[in-house]
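**Q** In our numbering, the protein residues as written are 3 to 874.
No lab work stands behind these hints: they were computed from the structure.
Just so you know, not all the hints are guaranteed correct.
[Claimed, not checked] Once the Cα atoms are required to be at most 30 Å apart in a straight line, the calculated BS3-like pairs of lysine-lysine come out as:
| id | residue 1 | residue 2 |
| --- | --- | --- |
| 1 | Lys193 | Lys105 |
| 2 | Lys182 | Lys131 |
| 3 | Lys468 | Lys649 |
| 4 | Lys131 | Lys105 |
| 5 | Lys131 | Lys193 |
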Amino acid sequence: MNLSNELRAWGRIWSLVLACVATTYGREPLSVRVATTPGGPQIHVDGTPVPPRFFWGSENSGRIQAGAAWSACQFDLTPELDAPGNATLHFRFADTAGDVWIKDLRIVDTATGADVLPTGSFSSEESFKRCWNVWPHGAENTVGTLSFTDHALRVALRAPAAGATRPDFHLHSQRLTFIKARTYRCSFTLKAAPAQSVLPCVYRVDNGHHSRIGGPLGSFYTQIALARDAGVHLVSFSAPACWAPPEQAQDWSPLDALCRRIIAVNPAVLLVPRISANAPGWWLERHPDARMVYDGKNPYPVSCVSDRAYRSAVCTHLETLTRHLREAFPGHFAGVHPCGQNTGEWFYYDSWELPLSGYDPATRAAFRAWLAARGAPDAATAEPPPHAARRAHPHGLLRDPARERRLIDFALFQQEEMADHVLALAAACRRGSGGQALTLFFYGYGFEFAPLGNGAPTSGHYALEKVLRRGAADIDILCSPISYTDRQWLGTAPAMSAAESVTRSGILWLNEDDSRTYLDPRKQEYVQEGGLVNLQQTQQVMLRNTAQAALRGFGTWWMDLPGQGWFNDAAIWREIVRLRPVDAAMCRRPQPFTPEIAAIIDETSMCHLTGGSAVAARPLIYEGRAALGRCGAPYGQYLLADALAGKVPARLLFYLSAWHLDDAQRQALAARRRGGTWTTVAGWFGARGPVRVWCWAPGYLRPGRTDLGGIAEVTGFTARLADVETAQATPTANGRQRGLTRTWGPPARVTPLFTVEATDEEVWATYADGSPAVAVRRSGNGHDVFVGVPQLTPELAHTLARLAGVHCYTAPGPSLWAANNHLSIQAHTNGTVRIDTGRRARVADALDGTALGKGPVITLDMQPGDVRVLRN
């Protein structure tokens with residue numbers, strides 16, 4: 003059976019499954035929800051579980067190749083809707099430095115011969131200015147220069163400065179008019195040196211949303227067909243919100259037309275449109291005070307989540323939109339994904355940039371109400387803290403609760419405001435669907451925002467526990483991209499969130515897999531973002547990432563981020579077909595993914611990170627996942643609240659950010675360290691207690707002050723401040739004997755930094771002055787480990803895993819995940835990999851059933867990048 007036929011066979015099988023759960027598909031309304039099962043949350047269609055695998059794409063045009071010789075190009079378009087002066091033609095270019103020439107551009111009504119675009123618009127600067135604009139304007143345009151010669155437009159393209167982000171440089175025409183159902187022809191002549199591609203596309207613009215109405219044939223629909231043939235019927239896609247002024251009649255036709263085009267390609271499709279929930283331009287013009295204001299004075303054209311009029315309006319629109327989709331497409335509508343703020347991911351707009359938001363009237367009013375609810379005496383006149391103070395760290399990289407109380411309050415407030423906004427939108431969507439469709443949100447990137455220049459809390463993503471506690475009835479899926487650290491070919495593809503805490507709450511976690519496949523035409527971004535150089539690397543990474551998702555109980559969508567065909571190859575989709583046996587097994591598993599290693603963060607502690615704190619938080623929180631992912635055993639990601647509630651049954655617990663603790667939290671953690679009668683009895687029979695790893699500043703912050711004694715209260719180690727030029731640690735002889743071989747840690751001064759009192763036998767690594775940086779001590783219940791250096795390494799995690807009695811499947815190095823007698827492994831080096839499955843049972847390839855040997859130990863010869871999925 004050839005590849006295409008194999009994909010189609012799987013597509014028919016899964017189409018039959020869906021047909022069984024919806025006998026009159028397309029007529030009866032579907033119920034598509036996440037339901038709790040013994041193995042964790044799973045998507046159910048009319049009560050039947052289906053693999054949580056999606057395709058995500060956007061309707062876009064195809065590229066036209068240009069070479070050294072002039073070539074004539076044309077495409078036809080037939081709009082499904084009228085465009086009365088709100089259409090525009092765009093030209094975008096590749097990121098290849100060089101020159102592109104375009105001339106003889108025309109758009110003609112094929113029935114009448116009339117020109118829609120004035121002729122000669124590319125023939126001179128004067129003609130160009132009458133019909134065209136360039137984006138971005140002025141100094142922000144760092145890559146494109148225009149000139150005119152021999153009645154042709156010349157676009158000179160250059161690379162941006164080293165380290166600078168390439169802007170979305172493009173040409174866009176002024177207002178064009180098209181009539182529904184008429185055919186128009188766009189023609190032009192093109193050449194380039196060196197050869198490269200050009201992307202023309204015609205859009206209709208509705209309240210700021212660009213809907214494609216024509217262009218060269220793109221890859222959106224061919225990828226939907228490939229997904230269909232691979233049995234993937236859940237399709238998410240960028241869709242217009244159709245949010246018009248109230249005096250206009252509601253017009254859903256752009257959204258409906260797009261849905262119908264998708265259904266035409268896959269009659270069994272399950273539609274999950276991604277809808278912008280930012281206020282449209284017309285709304286902001288009528289409510290200018292709802293705009294976000296930065297650095298005390300600069301308004302941005304983005305709606306503020308604290309503005310209650312905006313929140314009410316967007317909730318009303320989303321409820322209406324969701325209800326319309328359920329009524330218009332009852333057999334296909336599966337859910338809705340409202341997006342907003344920065345890149346649609348519900349972290350504050352421009353969080354990665356220097357300016358700080360929070361200075362609009364709505365935020366001020368909401369902050370005052372927040373303070374009043376907590377009894378602040380000056381709540382009625384309080385102002386958001388000055389932006390300079392929010393960037394500063396005069397007392398170290400952790401906010402001082404006594405001297406920086408208002409800064410901490412504002413950080414906590416911003417998290418709750420974003421969470422409350424998400425919760426309100428989720429409830430609106432749930433009402434609109436009658437509780438019968440999925441609601442999805444980006445939120446909770448707790449491990450991802452440690453590198454923010456202004457501090458992690460700038461994001462607004464540190465109220466996940468509140469979202470899980472209050473939103474479980476209205477939210478089916480929380481999602482994020484795969485982390486932007488360690489996602490490369492030989493990486494571990496970490497999750498951004500406390501994903502295991504999410505799934506424990508009954509909400510499905512979903513990884514947006516926007517891996518830059520070998521089909522990505524953007525060369526600069528491709529290199530920067532861990533791009534994959536060929537089909538084999540692409541297949542390996544997609545198999546690695548999706549196998550991880552299956553074993554951890556995650557959903558995934560393969561995302562063609564720019565709409566340029568990243569997954570337009572049946573050979574890539576074969577990997578998702580190969581994983582079907584694993585998906586099927588995980589659907590039936592009797593318990594969820596429960597790893598023996600836990601990475602734990604506390605959201606309140608993260609809100610004490612200052613501007614500039616990335617020097618410590620990045621290597622510990624952000625990059626720590628890469629170390630854990632290579633330690634030889636799988637790990638999970640949790641919130642401290644779950645650990646305190648006894649919901650993290652791990653042997654090795656990394657408390658990455660237990661810096662700020664109240665009295666009740668301290669008492670609970672101290673009790674776990676002491677153990678009890680049952681702990682003593684279990685020890686008589688050889689049971690090992692857990693190993694608790696306390697990172698950087700455990701217990702140092704109380705609600706009202708800093709407290710060195712608080713570290714001893716939590717960890718058992720008496721601490722003092724360390725005064726060293728760098729936060730690097732070097733293994734002692736004892737540490738080397740345990741398996742630590744190299745110096746590690748940030749090569750910079752970190753304040754505060756701590757050392758502890760410990761015996762020589764307890765010290766595994768020291769700072770440059772010889773004071774303890776890592777110390778290990780037996781307690782009443784297992785061991786406590788103080789790690790003052792804010793960084794983890796694979797060998798440190800592996801060494802501590804052995805101390806804790808964690809089952810290590812390999813030596814440190816490979817990326818691996820294991821659950822329910824299945825193991826996924828990617829080799830990062832060349833040679834023989836020794837795998838200890840932990841069971842005396844036959845080991846087989848989980849994808850094709852090939853026998854590989856008998857456990858507990860097998861060996862595999864693997865090349866870098868090779869991925870194997872085993873069962874035993």
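**Q** Give me the numbers of the hints this structure contradicts, sorted from smallest to largest.
**A** none
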